[in-house]
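Participant: Listed below are the residues making up each chain.
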Amino acid sequence: MKEPLILDIKGNSLDDGPGIRSVVFFKGCPLSCMWCHNPESKRRELELSYDPKDCVHCDTCMEICPEKALSPDNPFFIDREKCALCMQCIEACPSGALSRVGKVMEIDAIVREVARDKPFFKTSGGGVTLSGGEPTLSMDYLSRLVQAFREQEIHVLVETCGMFRMEDFLEKIYRHIDAIYMDIKIMDKADHQEYCGTSNEVILKNFKALNKLYQEGGVEILPRTPLIPGITDSDENMRAVVAFLQECGVKKADVLPYHPLWQEKNFKIGVKDSRGDAPAMQSFLDKNRLQACREAFLAAGIQLG
Amino acid sequence: MLFQFQSNGSSSKPGFSFTNLLIKNLLRLMALNFNLRPGLNKYLKSVDGWMNFSANLRTENNSLNASIVFKDGKAFVPSIAPDPCDISLIFRDDKTVRKLLGSTPTEQIFMLLKSELRTQGNQTYLNLLFFYLNLLLKKKAYKLLEKEKQASAKQAKELVPDSKPELSQALLDRKNHRIKGKKVDPGVRFLDDPYLSQYSLSDFPRLAKFLDIHFTQKGEICPERPKILTDWFKEHGFEKDASGNDWIPELRQGLAFKHLMENRKPIIRKDDLLAGTSTTKEVGVIVYPDAHGAMLWGELYTVPHRSLNPYDVSEDTVRLLHHEVFPYFIHRNFKEWVRYNYQSPLCQAIDERYAVYFIFKQAALSHTIPDFPKILSMGASGVIAEIKGKLSREGLSEREKGLLEGMIHSMEGMIVYSKKLSAQAAEEARRETDPKRKAELETIAQACAQVIENPARNLDEAVNAVWITWVGMHMENTNAGLSMGRLDQWLQPYYEADLEKISDEKERKAYIKHAIELVGCLFMRCTDHLPLTPDLANWYFGGSSSDQAITLGGVTPEGEDAVNDMTYIFLKVTEMLGIRDPNVNARYNREKNSDAYLKRLCEVNLITAATPSLHSDQAVIESLKEFNYAQEDLNNWSATGCVEPTLSGRHIGHTNFQMMNMVAALEMALNNGLHPLMNWRLGPETGEPAQGAFKTFDDFFEAFTEQFAFLIDQSVEYNNLMGLAHQAIRPTPFLSSLIDDCISTATDVTHGGARYNSSGAACIGLADVTDSLMAIKKLVYDDKSVSFADLKKAVADNFQSEPALHALITHKVPLFGSGSEEAVEMANRVAKFAHDHYGTHTNYRGGKYTVGFWSMSNHVIYGTLSGALPSGKLEGKPFTPGLTPQPIASPNLLDNIRDVARLSPKYITNNIAFNVKIVPGPNDTHEQTVDNMFSYVKTYFDLGGMQMQLNAVTSETLKDAMANPENYRNLLVRISGYNAYFITLNRDMQLELIERAQYGL
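Heads up: the sequence lines are chains C and X, in that order. Going by the UniProt record's numbering, the residue at position 271 of the first sequence is 271; the numbering climbs one at a time, nothing skipped. Going by the UniProt record's numbering, the residue at position 324 of the second sequence is 324; the numbering climbs one at a time, nothing skipped.
It is worth saying that the hints were derived from the structure and are not from the lab. A couple of the hints might just be wrong.
Lysine to aspartate or glutamate pairs mimicking DMTMM-like chemistry, simulated, CA-CA at most 25 Å apart [claimed, not checked]: (1) C/Lys287 to X/Asp924; (2) X/Lys792 to C/Asp54; (3) X/Lys42 to X/Asp316; (4) C/Lys122 to X/Glu591; (5) X/Lys784 to C/Glu63; (6) X/Lys784 to C/Asp59; (7) X/Lys812 to C/Glu106; (8) X/Lys812 to C/Asp59; (9) C/Lys118 to X/Glu825; (10) C/Lys118 to X/Glu822; (11) C/Lys53 to X/Glu956.
Next comes chain C alone, as it looks inside the complex (with noise of 0.2 Å):
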């Protein structure tokens, strides 16, 4: 299998994990939710970005661009058809504004880059988050790069969409993590097949193993929920959710609040889902909304992170 493109190493995070942390986002993922907050790690290829807010129409790019793929009377600015992916404009483009989405890397160069921030891991009990798209999509990369920073003594966390083969992580993943970051997104196998593009029954199924190992004293398991207003926030799916995680004897959980930024950068790499144009999708989580999800689990005797 040809080795996973990585879409970008980001240091300072807070949000991924304990302490402060450097994420890796791979590019590339079994599920295509419609809300996907990073709508550029959807698919495996390479693409081309193009960001309006930083250009400052200098038209070299137009003039460089063999195929003649770039014009201003372009929807998205770049005709995708025509693109040949040949980044000679992103060389050429003196502001940034055309950027690649996706890079090989080799693992060295990608532990390197993580471990300039050890010193911020020690003082606050951080990490490597290896997140995306989906990293597990890659199992034997993932693998030698998990084992890369255990070298390192650099604590790994795994923020998974649960979907890859329960066999292949146990033997080349699990034992050289420190904890799991799970998405449990909709308990309706029918939504979520309509909104993630697959169903969750292997999901739930490599959920219910993995908590079953933590339990046993395996490696941590944090199951999360992002709230999509009219989607996943319903009354009907926390109660779903809250009981499966009661099932399995979930102590603690977390929940992601909605945000719209999403939507520009669907633009950037050329995709419009009209499905995003809904006014609950405009705009951030309503804060009451926020406030009863977070009660489904608390009443449930579920902390959240």
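Following the hints, complete the assembly by docking chain X onto the known chain C.
Facilitator: This is chain X only, laid out in the frame that chain C set:
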């Protein structure tokens, strides 16, 4: 070469323009008014006679050349100007003259700052001339000031139309979350919860009341000090004594000081636990006419009406200063002494063009830490005995005897002052009917009977002695950066001795509460005076108080953990009051101090939003290694003024001798020695970059260093001349008696009597210079993607026609703070040059020059007075504060922290100011936020960082404060080294703070 402007194309004949006619007529009108109206004419006279002087107004090409002469009570406009006039005001051209006539006071200031006009001659006369103009035109001036004020408030409202009370409320709410501490520090003896989390301001109504006065009471100019001193000088002579012999300046100053202290009004502020005030006003502006005091002469009528930091001034004070005080000091001040004795040297002319450097000695030589332990443990009588011992030795010169006698006189003056305070307290106690207050007054009376004359015996006496000493220091020396040092160390013994006498648990608790209140009173006493700030200085040092630094924590002289009960008591007071001054600095020693202590520093910083400033002991001590100071003295360092290190009680480091605009050197290197704003070919001709003068980047770097060296040499020369002015005009025997080894060597501090001597520079714009050099190196020399000529053109054009080049610089050049090795190397290269070149000089006291990278608030004004830069900075925009990276360098705070930490302390002998604006996450608890702050700060210090200052406030809140100042009277912000109230800042400084990068927690 001096004062040569490039031709500006105007070709009017000398003295024949319309403007010439207009100005001459206006001057005639002015003369007429002063001649015919007795109410005005009387102002031409001082108590010592008519004030005779001539003032000349002209343009560079003489199209205007008009003068007014004041002589023996008459004013007239001569047909031919006297040559030279006492003061000349030189305009760039006719247009500028007419612009001045229609401009508001602030616009006038900026005309001066931007070199549209300049002065030549004695500036005190200029201030007098402006005083006369304001006598005629003050009503118009008030109107203009009012208009300016309204326009600025309107602009702010337009920026943020809605008030957001929840934002100001959130800041207030921070005070309600307090972590309980654990007793882990070995030096903490009596505090079970060293964080003192049980207390809040509401437990101390006295302090709450003082705080309210602080935020509501407008300052008032106090004539007491200048009046008493001027009378003494007039009676006893200044240059020569009554019998016509040359004065020994130290003896003269000692006698004058004694007279001042004997004749000052002994005041005990209502309800205070400490006796003594630095002025007779509730909040007073102290006037030092021998320094920069007369700069206010021209503004006496407008100062209550100006928008920024107005003061009141009574009609009596105006009359007194105008007729009795200022005239006596027209030539007897530091600046004019240098001008007269050294014939207007170039180094002074550069300073007076405002865009390149500012030499602080025109106002003060007071950045130091007196030996408080000495006065506390020996009392003034003990110090006098030591001086007398020295005096009894044989072989002393007259000069040495004069100094020692001057010291004795000043100590005697202090004793008289404290005795008068004691009597005053006793008298007030007798009249007091409230038994609680009566007892307090009796304690004060007792304390002041003991100190300052004798050693302090308990904490009440010790804190009173500290304050009385402090009042004395400010009566002798300008209130600018004089600092208090390690009060936690020096007061702890008294606190411990007191507590050891108490065995009852309840009484101990009450005592601790009393100790907090006492320290709180000391903090509030320190707000009783303001620096005298002419309106122009509001643009240089906006919102600054006198910056009385207090230093906490660190290690003892022996190198052991110094954190003690008083450290935490001072921190509690800092937290509860949240005031700008005293400027609290905390030392953190990585090997000795606890995490709990560092965490508490972060918590106080979060609650107050801006203080204390945090220092790594290791880095500061490492930076001072080259000077061969004794280790126990290094261990005993304190911050001075803003952040700069002084070895307590034995070091005159004048750590802010200068503010240096390094970008000016860069601009001169880009323009073959010409400074563009001043249009003055000032520096050496190092080559024209656009004409290929520089084959390699190193060639250009050398040109930059040549220009920088030129400016350093000039500024050092001016500093040394100013030092001689201080020796002649204001040596300081009282301060000298509390600085080792002035007594044993019988040498005043101004002559190098301190054991350690140095002068410290603040170099401004390190990030802007580094980034500019990086852009030139990468684009012109490494990638060759743009020619030097094109880059220069784009810079000259403020990147208007080259937005792509601007984007290229800001996106593709590795900047300082981005995590680029090369950019850090470049910053170190610049710092090393500064360090080495200042290091080639010796100051007039035989000390070395040190170099720091912080900026007070000068990064804003120097930015305004600079053009666009190769770094991408646009014309008129501020530089970054201190050496803080540009916000665009990296979105990742850790890159900033790592890069700043990798600057070599070897080149930073006068500290730095690294600003970090952090924003607590909306869902984070107080503890989480404190933990995050702790992690950043601790890692920064682990990586070798020297200093860090945190502003814990969002841009959104700052904007709300700009538009709704009434909700934010106590919003504290760190500028670059000092604290200020946001709402007292000028608009440019407010915007700079808003535009700083902010990092979420």
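Participant: Do the alpha carbons of X/Lys812 and C/Asp59 lie within 25 Å of each other, as the hint requires?
Facilitator: Holds - the C-alpha atoms of C/Asp59 and X/Lys812 are around 17 Å apart, at most 25 Å.
Participant: Are C/Lys118 and X/Glu822 close enough, with their CA atoms no more than 25 Å apart?
Facilitator: holds, 21 Å
Participant: Verify the proposed pairing of X/Lys784 with C/Glu63, using a straight-line Cα cut of 25 Å.
Facilitator: holds, 20 Å
Participant: Keeping to a limit of 25 Å between CA atoms, is the pair of C/Lys122 and X/Glu591 held or broken?
Facilitator: holds, 16 Å
Participant: Would you mind confirming whether the straight-line C-alpha gap from X/Lys42 to X/Asp316 stays at or under 25 Å?
Facilitator: holds, 15 Å
Participant: Verify the proposed pairing of X/Lys784 with C/Asp59, using a straight-line Cα cut of 25 Å.
Facilitator: holds, 21 Å
Participant: Can you confirm whether the C-alpha distance between X/Lys812 and C/Glu106 stays at or below 25 Å?
Facilitator: holds, 23 Å
Participant: Run the distance test for C/Lys287 versus X/Asp924: straight-line Cα separation, threshold 25 Å.
Facilitator: Holds - the C-alpha atoms of X/Asp924 and C/Lys287 are around 16 Å apart, at most 25 Å.
Participant: Take a quick look at whether C/Lys118 and X/Glu825 sit within 25 Å of each other, Cα to Cα.
Facilitator: The given pair, whose Cα atoms are some 22 Å apart, holds under the 25 Å limit.
Participant: Take a quick look at whether C/Lys53 and X/Glu956 sit within 25 Å of each other, Cα to Cα.
Facilitator: holds, 21 Å
Participant: Quickly compare the C-alpha distance for X/Lys792 and C/Asp54 to 25 Å and report which way the hint goes.
Facilitator: holds, 24 Å
Every hint from the earlier list agrees with this structure, and none is contradicted.
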